[in-house]
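Protein chains in written order, with the working numbering: chain A, 1 to 319; chain B, 1 to 418.
These aren't lab readings, by the way, just hints derived from the structure by calculation. None of these values were measured; they are calculated from a predicted model. Every residue, glycine too, gets a C-beta built ideally from N, C-alpha and C. There may be inaccurate statements among the hints.
Unchecked claim - Derived CB-CB ranges, DEER-like: (1) A:L27 to B:G254: 46 to 52 Å; (2) A:I9 to B:G363: 29 to 35 Å; (3) A:I9 to B:F364: 26 to 32 Å; (4) A:K11 to B:G254: 20 to 26 Å; (5) A:S14 to B:F364: 36 to 42 Å; (6) B:V7 to A:L170: 25 to 31 Å; (7) B:F364 to A:N171: 31 to 37 Å; (8) A:S14 to B:K340: 57 to 63 Å.
Said to hold, decoys possible - To list a few chain A residues with every Cβ distance to chain B over 10 Å, as calculated: (9) E87; (10) K91; (11) G92; (12) S152; (13) N154; (14) P176; (15) S230; (16) D242.
Said to hold, decoys possible - Taking beta-carbon pairs under 7 Å as the criterion, some of the chain B residues facing chain A (in silico): (17) A24; (18) I143; (19) A144; (20) F395.
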Amino acid sequence: MKQRIHKLITKTISPQSFSLILLSCFLVPCFMAASLVLFHVPTNKNQVISWRQLDKLKALEHPKDIQIAILGDSSAGNAIDVQYFAELTGKGTVNLALTGSIGLHGIILMAAHAKKDLPNLGYLYFVIAPTTWEKDLSPEAYFLLKKGLPKSQNPLRGLQEIQDAQKGYLNWLFTPKRLQWYWNTIKKEPHKRGIWSNKADYLVQGPQLTYKKASNVWTTPLHAPKEDLSPLFETWEKLCSDIKCVFAHGPIYEGVLQSSEQALEQIQTDINPLLSTFYFAENEYWFVGYDQLGDTRNHIKLELKNNSTRHYAELLLEN
Amino acid sequence: MYIPLIVGSMTLNYIFGQAIRLCAQERRRAAKMIMVSGLTLNLGLLGYFKYTNFFLENLNKALGISFEHINIILPLAISFFTFQQIAYLVDCYQRKVGRETFLNYSLFVTFFPQLIAGPIVHHREMIPQFSEKFRSKVNWDNIAAGLFIFTIGLFKKVIIADNLAEFASWGFDDATFLTFTESVMVTLSYTFQIYFDFCGYSDMAIGAALFFNIKLPSNFNSPYKAMNIRDFWQRWHITLSHFLRDYLYIPLGGNKNGLAIQFMAVLITFLLGGLWHGASWTFIVWGMLHGLAIISFTLWEKTSLRLPYFVAWATTFVFINITWIVFRASDWDAAKKIFKGLGNVTELHIREGTPLDAPYILGFSLLMLVVFCKKLPNSNELLETLKTKWFWLIFIAMLGMISFWKIGDYSEFLYFQF
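Please model the complete structure; the sequences and the hints are all you need to start from.
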């Protein structure tokens, strides 16, 4: 047997067969990954969340009743309980928060979807944690652009980032890592299918995070935004020209707040131009401690979730 | 703006080259003037795009004035195509260049596998290949060889360099202080990150070129096997070393005019070689340290003393390792932090919660990398003896698939910034 294996692996093959077999080993997974995405099988958590939120928006039973759309990153998704928020404000509310990795562009595109699909919308309530300001336009955000948003209503039209994202989307599409994520998350661990359960208002993200790891990850200092954000702000301001936009900082973790003074100052300076269009419900950063994080499925404890929902509802009601 | 820049630079250099060639025989003075103009143009462009803000910053500090920074984006590949074209102009003047078509010249400058991060190819190695008819036919031997080395390069970049980048970036950029063991691990991580990143790119460039039946020069020859600092520079970024030797060190006097001239030439060559990597004092100091090491080694060679094999290798490796700290640090504070950590010999622990918090796995991996780099043949040596056997097919397919599965986020090659 050993001899046969040895004979087989030391056997010479033609360079043509060698090349073609190797090429197929590399290209087949790429095309399989692309097929998954093209057949609308979510292949990463950002995509799961963005598709879920978009589907939720399209499937609303009474879109005319919705007056407030909450937009932002996971700080909005996790910190605001939409039913409680609607009770407190007395206004129909939908939470369309995405994830920070989708970036500001993704959040703006989601706001455009909300404006398009909700006829009586009165408020776009942006809750964005400072951690999101350093993120670029992600390929998943590019998908939000392609999914049912007419060109005329695309707030990001003309931005250079869109062209970059297009290339990023193609790279992302053909990345075999998509298959790996699909396999690990959906096939091998079926209990994780709940991440796109229709019952959940916001979706579970991320693996099990222990407090030890949390204290490591969430003390990493923030970086100030890399790009000049003024072209993006112009599009944002246009979006808010005929609707009331409210902005509040999302909570960040204690360690990040302590280690990121410079970046936070820079973010504040960068977003000051938005003051002319936005109402700043809260212009100060706030944080949560590690002891408040709670279970891993929702990132935060129910008690904290209720408190933060009240906090954001009061900010809106006060103004 | 940047496409016109490279097209303009290429066209002008071609015109200068042809003019020098025509004058080189009988009108040497005119040829020299054209060459000097060409060199000034190339170095002027490189200087403007790469060093203007560095110059202004230092002028501000020296004179206490406040010139504002100019918003200049460094054009991709400018450091590489400038050097290639300088070599072409000098060789035209030295009558080493025959008549070339503009098409072949353009392909030599812009041939995509090597354009953005080298190897810094020489026209003598490239242009003759473009005219050879047999290279325009599909050659499965070359495609197989190209896939072989391309995949090894991809693995080096995606699996080794990108994983080590996490530790190096944390240590250099994010950590506020480091213990001794952390500093050693961070420094070693960067030592291997830069090697596998750049060598991975070079392998991929060589592989991609082979798909088109073009053979690029080898850029690395197991540099961490070097037994002394000169040996290291004969193995690391070989094409840059050759360029600096032929177009800077030898014209400055080389080793034929006495020790004083030789040492001056070495020092200038390394200072400029350091500056070529980036507009920062850290790169200049890195170059200076290597220059001084070469000078010290030259003096050492004149004695009859010789170090034992292992001591010679370890001294070279440790020196290279330490100088990478200066090279990688974004500023002096970052470098000081690592050096301070290396001085903390009483603090041998690794703190919990840091990215290095798996010391045995990381330590073992780094040790294995030292052994691999010292003992195993490099990718070019493997390529030379490659036979398309099932063993290699299975091995390369595994490397490729592991790498493909790991490709996720965009991760730039380190040498793109130079």
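Q. Holds or violated: is the Cβ of S230 of chain A farther than 10 Å from all Cβ atoms of chain B?
A. holds, 14 Å
Q | Whether N154 of chain A stays farther than 10 Å from all C-beta atoms of chain B, as the label says | A | holds, 24 Å
**Q.** Hint check for N171 of chain A and F364 of chain B - Cβ pair distance inside 31 to 37 Å
**A.** holds, 33 Å
Q: Would you check whether the claim that G92 of chain A is not at the interface survives, using Cβ distances to chain B and the 10 Å cut-off?
A: Given a closest Cβ separation of 38 Å, the condition holds.
Q) Was the hint right that A144 of chain B lines chain A, CB cutoff 7 Å? A) The hint holds - A144 of chain B has a Cβ within 7 Å of chain A, the shortest such distance being about 4 Å.
Q. At the C-beta level, are I9 of chain A and F364 of chain B separated by a distance inside 26 to 32 Å?
A. holds, 28 Å
Q) Does P176 of chain A sit more than 10 Å from chain B, CB to CB? A) violated, 5 Å
Q) Given a hinted range of 29 to 35 Å, is it respected by the beta-carbon distance of I9 of chain A and G363 of chain B? A) holds, 33 Å
Q) Given F395 of chain B was flagged as interface, is its beta-carbon under 7 Å from a beta-carbon of chain A? A) violated, 9 Å
Q. Falls inside 20 to 26 Å, the C-beta gap from K11 of chain A to G254 of chain B?
A. At roughly 52 Å between Cβ atoms, G254 of chain B and K11 of chain A fall outside 20 to 26 Å, so the hint is violated.
(Q) Take the shortest C-beta to C-beta distance between I143 of chain B and chain A; is it under 7 Å? (A) holds, 5 Å
Q | Distance rule for E87 of chain A, whose beta carbon must clear each one in chain B by more than 10 Å | A | Holds, because the least Cβ-Cβ distance between E87 of chain A and chain B comes to about 40 Å, which exceeds 10 Å.
Violated hints for the displayed structure, listed by number in ascending order: 4, 14, 17 and 20.
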